[in-house]
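Visitor: Please construct the entire structure, taking both the sequences and the accompanying hints into account.
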Amino acid sequence: MARAKMPEKDRKDFYLYVDEFQNFVSGTFADILSEARKYRLCLIMAHQYIAQLEPAKGLGGDGGGK
Numbered sequence: 010m011a012r013a014k015m016p017e018k019d020r021k022d023f024y025l026y027v028d029e030f031q032n033f034v035s036g037t038f039a040d041i042l043s044e045a046r047k048y049r050l051c052l053i054m055a056h057q058y059i060a061q062l063e064p065a066k067g068l069g070g071d072g073g074g075k
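Letter by letter, the sequence shown follows residues 10 to 75 of the numbering used here.
Among these hints, one or two may not hold up.
Claimed, not checked - No farther apart than 30 Å at their CA atoms in a straight line, the calculated lysine-lysine pairs in the DSS-like style are these:
id, residue 1, residue 2
1, Lys14, Lys47
2, Lys18, Lys47
3, Lys21, Lys47
Claimed, not checked - Distance ranges between label pairs, derived from CB positions:
id, residue 1, residue 2, range
4, Lys18, His56, 15 to 23 Å
5, Pro16, Asp40, 21 to 29 Å
6, Ala60, Arg20, 29 to 37 Å
7, Ala60, Ala39, 13 to 21 Å
In short, the hints are calculated from the structure, not lab data.
Being a predicted model, the structure only gives us computed values, none of them experimental.
Beta carbons: idealized from backbone N, C-alpha and C, even for Gly.
Guide: Encoded structure:
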């Protein structure tokens, strides 16, 4: 990952829009969420209703949003 090698002070915000988010939910995506702030990755995740997301996927916690 190129951003990992970049000094934190040089990182600019990067916005990732994920439509139909429920189709991409996985353990890997949970890892992305936990590391996003460090790499200045801003995520906008859209879905139709909360029942589309399974609580077992581990995405119900604090995303650290501001």
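Visitor: Just tell me: holds or violated, for the beta carbon distance of Lys18 and His56 against 15 to 23 Å?
Guide: With a Cβ separation near 34 Å, Lys18 and His56 fall outside 15 to 23 Å, so the hint is violated.
Visitor: Evaluate the given range 29 to 37 Å for the C-beta pair formed by Ala60 and Arg20.
Guide: Holds, since Ala60 and Arg20 (Cβ atoms, about 36 Å apart) stay within the stated range.
Visitor: When you check the alpha-carbon spacing of Lys14 and Lys47, does it fall within 30 Å?
Guide: holds, 12 Å
Visitor: Falls inside 21 to 29 Å, the C-beta gap from Pro16 to Asp40?
Guide: holds, 23 Å
Visitor: If I claimed the Cβ atoms of Ala60 and Ala39 lie 13 to 21 Å apart, would that claim hold in this structure?
Guide: With a Cβ separation near 19 Å, Ala60 and Ala39 satisfy 13 to 21 Å, so the hint holds.
Visitor: Need the status of pair Lys18, Lys47: alpha-carbon distance at most 30 Å?
Guide: Holds, because 11 Å separates the two Cα atoms, which is no more than 30 Å.
Visitor: Would the hint linking Lys21 and Lys47 be met if the CA-CA limit is 30 Å?
Guide: Judged against 30 Å, a Cα distance of about 11 Å means the pair holds.
Violated hint: 4 only; the structure is consistent with all others.
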